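For the protein sequence lines, the chains are A and B, in the order given.
Residue 215 in my numbering sits at position 215 of the first sequence; the count goes up by one each step and never skips.
Residue 330 in my numbering sits at position 68 of the second sequence; the count goes up by one each step and never skips.
It is worth saying that the hints were derived from the structure and are not from the lab.
Since the model is a prediction, treat every value here as computed from it, not as a measurement.
It is possible that some hints are incorrect.
To be verified - Cross-link-like lysine-lysine pairs, in silico, PhoX-like; alpha carbons within 25 Å at most:
(1) 197/A / 352/B
(2) 461/B / 61/A
(3) 459/B / 90/A
(4) 352/B / 194/A
(5) 450/B / 90/A
(6) 188/A / 420/B
(7) 3/A / 58/A
(8) 323/B / 199/A
(9) 58/A / 456/B
(10) 320/B / 194/A
(11) 58/A / 459/B
(12) 58/A / 88/A
(13) 176/A / 145/A
(14) 461/B / 58/A
(15) 197/A / 320/B
(16) 90/A / 149/A
(17) 90/A / 456/B
(18) 199/A / 320/B
(19) 434/B / 407/B
Protein chains: 2
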Amino acid sequence: MIKPLILITNDDGISAPGIRTLIEITSDFAEVVVVAPDSPQSAKGHSITINDTLYINKISKENEAILEYTCSGTPVDAVKLAINEILKRKPDLCVSGINHGSNSSINVIYSGTMSAAVEGGIQGIPSIGFSLCDYNWNADFEPIKSFVKTIILEVLEKGLPENIVLNVNFPKLKEKDIKGIKVCRQAKAIWMEKFDKRKTPQGRDYYWLTGEFVNQDNGEDTDEWALANGYISLVPIQFDLTAHHAIQQLNNWNWNKISTKI
Amino acid sequence: MIKPLILITNDDGISAPGIRTLIEITSDFAEVVVVAPDSPQSAKGHSITINDTLYINKISKENEAILEYTCSGTPVDAVKLAINEILKRKPDLCVSGINHGSNSSINVIYSGTMSAAVEGGIQGIPSIGFSLCDYNWNADFEPIKSFVKTIILEVLEKGLPENIVLNVNFPKLKEKDIKGIKVCRQAKAIWMEKFDKRKTPQGRDYYWLTGEFVNQDNGEDTDEWALANGYISLVPIQFDLTAHHAIQQLNNWNWNKISTKI
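Only chain A is shown next, with the shape it has when bound in the complex (with noise of 0.2 Å):
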C-alpha cells in the first residue's frame, strides 16, 4: 500500500518543536517531506516574495527516510516552492505547525501558519493548521500529540469539504484535562494595539508593535470559548472572502447615478 504524501511547513522555521513533533507524529503512518522557512515567519500572513529571489537547500541527508528542506520567502512561498519545484507529486495534506501560540479568532488572518494551511487549501489539498496556545519556544507538545494523530487521520480518511481549511488550537492542558474538540467559529476579537515607541542611539524615533488581545465575543460557539473552557477549538476556514449576506443590501444602494442597470 502507497503511504500517503504529508507536506509539513509552519512559520517558526525547520528547527522549531513544534514542527518536530508534526513530523514525529505523521512520519508513523506516511511519507513526509518538509519544507519551511528558514527564517521566523510569525504574523508574514498570507505574503509572498515577488520582488525577491527565492532560494531552496536541502536539509536531510542522502540515507533518511524525511525529506526536510528550507526555504528563503514566507510559509506561502514554502508551500507554493513545495508544491512546484520539490514534490513528485501531489500531497494528499499539507499540515502547518504546530505553532508555538495561538491562532484563533482574528490572529488567522495575520498568521504565517495559517496562510500557508490556506495556501495549501486554494491548491486544492486538504489542509490543517495546528497551534498550541503556549508562545514558549520549549512548549510542550507531548499532551496533545494523540489528538492530533487522530484529526490527520481523519482528514486523510475523509477529505475536506471544497474550499475549507481547518484551523486547530490546542489549550495549554495536561491530556486528561483536555476535554475534546469542538467544532466552532472564529470569535469577533480584536487587538488593540499599544506601540512602544523609543528612541535609537542617534536619536531617531521607532516603533515596536505591541499590543493586548481583546475577545469582544461571548459566543458559546466560538473557538475562544471552546479554548477557555478546556477544549481544543476546530473551526472550518474560507478563502472566499465575499460577505455574500451583504451582497443584497448593497444591491439596494444608489449607484444609478454612475451605474447602468443590468
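Starting from the known structure of chain A, fit chain B onto it as the hints suggest.
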C-alpha cells in the same frame, strides 16, 4: 461643518500615481492624511512587523494642508501606525490604493492594498480598497476618477454594513466605455505558479515566483465576469473567515473517539 477625515494608504508607495489620484479626489471635500509604506509592498498580504522596528517619516511641509507620512513596514503596519500614532481622531473612512493592477478574485488574499483596507475594517473604520486592472506605473487613472469619488461619497454618507470592507476593481477602459458598477462575489480562481529557475553568478540555483492567473468560475455574478464585460466590480469582503456552512457537516464527523460530547 467639519470635513470628514480620510486615511489614505496603499502598497505601491507614496509616490505612486494611484495614491496621488486618491489624494487629489478626496482633498476636495475631506481632511486627508496619507500614511503609506516607504517601499513597494505588493503581495504582502496581511503581514505585520513584529520582529523588527518601525519608523515613521513626515513628508509634507509645515504649511501643507495634506499631512503625508511614509512608514517602514507593511500596508497593515501603516494603518495600525496611522490610527495609533499619527491621527488625532478615528478617521471616517480608510481608502487604500488605487492599486496598479487587479485585486479581483483570489488576488484579494495576497494583496497589500486590500489587506490595508481589511485592517481598517477590523479597526471599525469604513474601508475601501481600489484597484485598476493596469499594472503599468503610468496607468491612466483619469477615466475612473468620477466613479471613485461617487463610491467614496456614497460610503461616507451611508457607512458600510458591520465588519464589511469593499474591494473595488476597475476595468482598463475609457470612461465612456465603463458600463457602471456591479456588486459581485469573488470569482473562484487560482494562480498556476511557474517558478523561473536561474543560477547565481556563483552557480547556485534560485527562483523567481511567476505564474498565470486562471479563472475557474464562469458565474455572471463574479468580479471576473464584471471586469471582462466592462463593469466596475464591487465585492463586499469579510474578515470572519469561518466557513459557517461547513460547521454542521464537521459536527457529524467521528471526533467522539477523542472528543467528549458537549
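Consistency of the hints with the structure:
1. 197/A / 352/B: Holds, at roughly 20 Å.
2. 461/B / 61/A: holds (23 Å)
3. 459/B / 90/A: holds (20 Å)
4. 352/B / 194/A: holds (15 Å)
5. 450/B / 90/A: The hint holds at about 20 Å.
6. 188/A / 420/B: holds (23 Å)
7. 3/A / 58/A: Holds. Residue 3/A to residue 58/A sits at ~22 Å (cutoff 25 Å).
8. 323/B / 199/A: holds (23 Å)
9. 58/A / 456/B: Holds. Residue 58/A to residue 456/B sits at ~20 Å (cutoff 25 Å).
10. 320/B / 194/A: This hinted pair holds, its Cα atoms lying about 20 Å apart.
11. 58/A / 459/B: holds (16 Å)
12. 58/A / 88/A: Between residue 58/A and residue 88/A the Cα gap is close to 15 Å, so the pair holds against 25 Å.
13. 176/A / 145/A: Holds, at roughly 12 Å.
14. 461/B / 58/A: OK: residue 461/B and residue 58/A at ~16 Å, within 25 Å.
15. 197/A / 320/B: holds (16 Å)
16. 90/A / 149/A: holds (21 Å)
17. 90/A / 456/B: Answer holds: residue 90/A to residue 456/B is near 15 Å, not above 25 Å.
18. 199/A / 320/B: holds (16 Å)
19. 434/B / 407/B: Roughly 13 Å separates the two Cα atoms, so the pair holds.
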